[in-house]
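Chains as they are written, first to last, in my numbering: chain F, 1 to 328; chain Z, 1001 to 1341.
Misleading hints may appear alongside valid ones.
Claimed, not checked - In silico lysine to aspartate or glutamate, EDC-like type, Cα no more than 20 Å apart, as pairs: (1) Lys1147(Z) - Glu161(F); (2) Lys1147(Z) - Glu162(F); (3) Lys1198(Z) - Glu1212(Z); (4) Lys195(F) - Glu1193(Z); (5) Lys130(F) - Glu1193(Z); (6) Lys130(F) - Glu1189(Z); (7) Lys130(F) - Glu93(F).
No lab work stands behind these hints, which were simulated from the structure alone.
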Amino acid sequence: MATLLAPEDFSPGEDAMALNKAFEGWGTDEKTIIWILGHRNADQRKQIRLAYQEIYLEDLIKKLKYELSGDFERAVCHWILDPVEREAVLAYEAIIKNYRPDYRVILETALTKSAEELLTVKRTYQFLYKRSLEEDVASHTAGDMRKFLVAVVSVYRYEGEEIEEEVAHSEANILGDEIQGGGGSGGGCGGGALKGAEEIIRILSTRSKPQLLATFNYYKQIHGTSITKSLGGDPADEFSAALRAAIQCIKNPKRYLQKVVSHSMNRVGTEEDALSRVIVTRAEKDLKEMKDVYLEKTGRSLDDAVASETTGDYKAFLLTLLGNQDYF
Amino acid sequence: MAERKKTTILVIGGKKLNKEGEKIMTSPEECEALRKAFSGTHGVEEKSMLEILVKCNPADLTTFRKKSPYIFLDDECCFEKWDPFHMKSLEIEFLRFQRAVIQQTMHPWERDALLVRKSLEEKPPLYNLLIELACTRTSDEFLGARKAFQCLYSESVEEFVAVRVEGFQRRLLVALVSTYRYEGMRIDEAAIELECQKLGRAIKTDKKNEIENDDEVLRILTTRSKHYLKTIHKCYKKNYDSNLDEDLDDIQMLRDTVNCLCAPPIYFSKILVAAMSVCPTEQEKEALTRVIVTRTDVDMKDIAEEFNRKFGAPLIERIEATALGNYRDFLVALVKRGMAN
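Looking at chain F on its own, in the form it has when it is part of the complex (with noise of 0.2 Å):
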């Protein structure tokens, strides 16, 4: 469910002044900005936009960019977007921006999603950049990470509920050869090296995901621990990661989203780029399911988190698509 409050009635119009109206001026009203566009869905802030467009003939999103700054003015130039729209422009950026690609958002863009749904945003990014997303990620990764995520980013993968539990059985065990294979057998803490890829990369990235659930509960029968945990730990090891990342993600979309916003909270700073991500994607879809999971696996709610680890107009922008309604 989502978490975003936005009411049925509004009008575009006057949203479009009120926001003109908080850009006036030596300074920004933020507050302002915030209490209109985080609480208004797709629709709402597709309309507010044309609005502001025919009334005062430009980019709502150029005038954002330009009034905002820093981890807030990424937020709300990503929470304007129309939701598709903005999946390509965080997998262009994921992509482009850094110096190395970011993989979990290039995972994350194409796992979290049905066929269908990647297939719109392949083509929405195709609409905005004039080349497709997996021409991009080719171009700028390498090696087996190269193969696994161009893989992943272009299969239409079948979503039929059929399982083959011979070949799940099987694979099962073609995936243990490739996984053990860096030195003695059995499961526990891996960490050696990968003894091949090509397996691993052809069953994560072709088989249907019930087929692959199928497969990892017979990895974890035949070798005695999970696959995620033979892969290993090794941060140094970005394939591996992203392996792990991937696997993760295919079992429990929700959970493997909860791990990232628990990260990016984690560590000395915020990671805000993954918390502003997750959380702007997933406010009108399922976030309050993804804050019970988040309770659960860490005994604080998101809200406080977010509370305590975030501040300013960020704060409350996150806040607010939280589904707080008083913290101004």
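Once you've looked at the hints, dock chain Z against the given chain F.
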């Protein structure tokens, strides 16, 4: 417009007798026409069968059998036996028109999904067919085929292909069937120059298995848009004074990939030449139907021009000389319509 030669039917006046003294109704010319009707490599001549065969009384048929040693075996048995091999061939040739009609009427997505399935279920596998399907269709056309494949077989094309090939073939074929290429015309000139050089370096200096393992060659061919690749092809010609596809001659799959993406008529004309050659395999023959049926409304004119250039005779003429009956007429009509488009 070339006129199709009609089979001449001689009217037999009066009674004719064979050496056994039995009445015969057909002339030697008609016998010959009938033999030809039964012996086609591309279809059967239904008209001859309808007009001549129906006139044959038992004596005629005996003469026909005795005078057709390639169709009927005259061995120790005291009768002329149908050659089982020829009978089997005839079954296939009778069905050729039927299969063309079914392909023509089928939804393109279903047709391509069935062809994808067939490409890897045949022994030996038909990799060029899979490359053809993935590379000559638009992104949305092939996506439709992928959806149809899932409906028909309850699995994705990606998993079907990936599990049946390995190594270089898997890296190439899975990437080709998965990618959803940008179909627009926007290109980055600087990137093209750079990637053209990468390709040139790899192709001109590396050995075959090194090219196959070259991640950059694979990346460029399996992710870039068709317009982008056509521009690279031109750039390559300018820089190295040779054609990219010809330089990849050692690696047939890469050569087919480049042709299918950059110049489908070249690829298709090659297939047509093989289909109508002296001794084509059944796979090569089936390609005749497939190419005509699938390309009539796309680029038949270009294919016909390329065929003429390659083979030295017009496509329609070659079809008329090679195929028989309804099958021939069907193909010729489609080609004519395609060329008028």
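Take a quick look at whether Lys130(F) and Glu1193(Z) sit within 20 Å of each other, Cα to Cα.
Roughly 18 Å separates the two Cα atoms, so the pair holds.
For the pair supplied as a hint, Lys195(F) and Glu1193(Z), confirm whether the alpha-carbon distance does not exceed 20 Å.
37 Å, violated
CA of Lys1147(Z) to CA of Glu161(F), is that 20 Å or under?
16 Å, holds
Pair hint outcome, Lys130(F) versus Glu1189(Z) [Cα-Cα no greater than 20 Å]
13 Å, holds
Next pair to validate is Lys1147(Z) with Glu162(F); report whether the Cα-Cα distance is within 20 Å.
Distance of about 16 Å is within 20 Å: holds.
Just to be careful, I want the Cα atoms of Lys130(F) and Glu93(F) compared with a cutoff of 20 Å; is the pair within it?
It holds: about 15 Å lies between the C-alpha atoms, which stays within 20 Å.
Agreement of Lys1198(Z) and Glu1212(Z) with the hint, judged by alpha carbon distance not exceeding 20 Å
14 Å, holds
When held up to the earlier numbered hints, the structure conflicts with hint 4 and nothing else.
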